[in-house]
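Q: Sequence:
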Amino acid sequence: MTNWRELFPTKLTFLIFLLYMSLFIGQGIFVTASQDSNNSYSYNTVTVVLLTEILKLIVSTCLYCRENNLRSLVRDVHKDRQVLALYMVPAFLYCLYNNLAFVNLATFDPTTYYLLLQLRVVVTGVLFQIIFKKYLSRRQWISLILLTLGCMLKQVDLNSFYSDANDDSEAAALQQAGGGAAAGTVAASKAIGKNMTGFDFSISAVFILAQTICSCLAGVYNEYLLKDKGAEVNIFVQNVFMYLDSIVCNAGILLLRGELLDAFSAHNLGSIMRFSVIIIIVNNAAIGIVTSFFLKYMNSILKTFASALELLFTAVLCYFLFAIPIYINTALAIAVVSYAIYLYTQSPVVNLGKVRPLATLSEVTTNPKTKEREDDRRLLDEQGDTDLEMDIV
Numbered sequence: 001m002t003n004w005r006e007l008f009p010t011k012l013t014f015l016i017f018l019l020y021m022s023l024f025i026g027q028g029i030f031v032t033a034s035q036d037s038n039n040s041y042s043y044n045t046v047t048v049v050l051l052t053e054i055l056k057l058i059v060s061t062c063l064y065c066r067e068n069n070l071r072s073l074v075r076d077v078h079k080d081r082q083v084l085a086l087y088m089v090p091a092f093l094y095c096l097y098n099n100l101a102f103v104n105l106a107t108f109d110p111t112t113y114y115l116l117l118q119l120r121v122v123v124t125g126v127l128f129q130i131i132f133k134k135y136l137s138r139r140q141w142i143s144l145i146l147l148t149l150g151c152m153l154k155q156v157d158l159n160s161f162y163s164d165a166n167d168d169s170e171a172a173a174l175q176q177a178g179g180g181a182a183a184g185t186v187a188a189s190k191a192i193g194k195n196m197t198g199f200d201f202s203i204s205a206v207f208i209l210a211q212t213i214c215s216c217l218a219g220v221y222n223e224y225l226l227k228d229k230g231a232e233v234n235i236f237v238q239n240v241f242m243y244l245d246s247i248v249c250n251a252g253i254l255l256l257r258g259e260l261l262d263a264f265s266a267h268n269l270g271s272i273m274r275f276s277v278i279i280i281i282v283n284n285a286a287i288g289i290v291t292s293f294f295l296k297y298m299n300s301i302l303k304t305f306a307s308a309l310e311l312l313f314t315a316v317l318c319y320f321l322f323a324i325p326i327y328i329n330t331a332l333a334i335a336v337v338s339y340a341i342y343l344y345t346q347s348p349v350v351n352l353g354k355v356r357p358l359a360t361l362s363e364v365t366t367n368p369k370t371k372e373r374e375d376d377r378r379l380l381d382e383q384g385d386t387d388l389e390m391d392i393v
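The sequence shown: position 357 = 357 (our numbering), numbered continuously.
Worth double-checking, as some hints may not be accurate.
Distance condition first, Cα-Cα at most 27 angstroms in a straight line; then the derived DSS-like pairs of lysine-lysine [claimed, not checked]:
1. Lys11 - Lys227
2. Lys79 - Lys227
3. Lys229 - Lys79
4. Lys133 - Lys229
5. Lys133 - Lys227
Distance ranges between label pairs, derived from CB positions [stated by the list, open to error]:
6. Ala266 - Tyr135: 53 to 63 angstroms
7. Asn69 - Phe320: 44 to 54 angstroms
8. Leu332 - Val74: 48 to 58 angstroms
9. Glu67 - Arg139: 34 to 44 angstroms
10. Leu343 - Ser265: 45 to 55 angstroms
11. Asp262 - Val77: 28 to 38 angstroms
I should point out that these hints are in silico values taken from the structure, not numbers from a laboratory.
No experiment lies behind these values; they were computed from the predicted model shown.
Note that beta-carbon positions come from the ideal geometry of N, C-alpha and C, so glycine has one too.
Whenever a hint applies, use it, and build me the whole structure from the sequences.
A: Next up, the structure:
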């Protein structure tokens, strides 16, 4: 039987899981929709990432100030400044990841993009064991390896299994795409210029590998900070740490490119202030905040499987929105990935660290130490042991 209670300790964690998937599906769709007919961007993508981090910082600050004040936030930031410094590592990695997402989505169609990113699964498993000292079982490793193999199926050339007249592979479809009837539509024109066959041993392969490595390192290290080094820090304060560091990193990229001042010119801001770009900023900001909840109350292994589940929905949506067909390569890859996910649900990884399962959003702003005292006090009240209660308090 599927161990749903271990996968999702509370109903709220399941809702976080669904929200995380929905937002990531939206990322690939929205970024692809914002591209020009030649798959380029008419806006500065680094500026978009920087504005996303600023929005995340504002939202996290507002959520924290629902039950606190700005003076308290400044005090907490100063008190836990060592954790703030540690967050520079995942902030830098996420900075690279977010910027490479725009580069790679200009090269690959969203389905291929998400399939190739699943190569991070085994790397995440290895890092998870090293950092958390929680060794995966044989079944867990089999599910991770199957997930990776499923992603590799995307790159298999099916030409050798078909005659030229009956070739249903993506490679053949791309050769015929230029003269097809679908080429007359704007949506189909986006698909024709995309790499839908996987790695082609070019600079695009280097970029997708770099993004994969950044995702692995950032996800596991961020989980380590959320559950260990910064476990006693309010999650919204931790988010403030992450986004402050991310703003510095993205501003640094603009500075190195000599675009820091020009990035906020009237022309550049005008190209960003469109619905198709603003929705990317809002969606990606929501992804960042939801991811912090995901890693704090679940784990990075389950996060990789959530990313794999996005494949099915992304493939279907891209078929209808951008006329990107679902060929046998994609169908087989999705089938193997789906089985790997099913196998994983039979024996999921559980890693709460120093964190209690989250039942309600009101618990988020509660200080962990205060929560422990309240739980001790409640237990003692039930037992009627008032003398011991006084000693503890």
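Q: Hinted pair, alpha-carbon criterion (27 angstroms max): lysine 133, lysine 229. Please report holds or violated.
A: holds (15 angstroms)
Q: Is the straight-line distance between the alpha-carbon of lysine 229 and that of lysine 79 27 angstroms or less?
A: It holds: about 14 angstroms lies between the C-alpha atoms, which stays within 27 angstroms.
Q: Given the hint that lysine 133 pairs with lysine 227, test it: the Cα-Cα distance must not exceed 27 angstroms.
A: The hint holds at about 13 angstroms.
Q: Hint check: lysine 11 vs lysine 227, CA-CA at most 27 angstroms. Holds or violated?
A: holds (20 angstroms)
Q: Given the hint of 53 to 63 angstroms, check if alanine 266 and tyrosine 135 actually sit that far apart at their C-beta atoms.
A: Hint holds: Cβ distance 56 angstroms, inside 53 to 63 angstroms.
Q: Between leucine 343 and serine 265, does the C-beta distance stay in 45 to 55 angstroms?
A: holds (52 angstroms)
Q: 48 to 58 angstroms was suggested as the range; check whether the CB atoms of leucine 332 and valine 74 agree with it.
A: Roughly 54 angstroms apart at Cβ, these two residues keep to the hinted range, so it holds.
Q: Taking 34 to 44 angstroms as the hint, is the beta-carbon distance of glutamate 67 and arginine 139 inside that range?
A: holds (42 angstroms)
Q: Is 28 to 38 angstroms respected by the C-beta to C-beta distance linking aspartate 262 and valine 77?
A: Once the Cβ atoms are compared, 31 angstroms apart, the range 28 to 38 angstroms for valine 77 and aspartate 262 holds.
Q: Holds or violated: lysine 79 and lysine 227, Cα atoms, limit 27 angstroms.
A: holds (18 angstroms)
Q: Is the distance from the Cβ of asparagine 69 to the Cβ of phenylalanine 320 consistent with 44 to 54 angstroms?
A: Holds, since asparagine 69 and phenylalanine 320 (Cβ atoms, about 48 angstroms apart) stay within the stated range.
Hint check: no violations occur; every hint is consistent with the structure.
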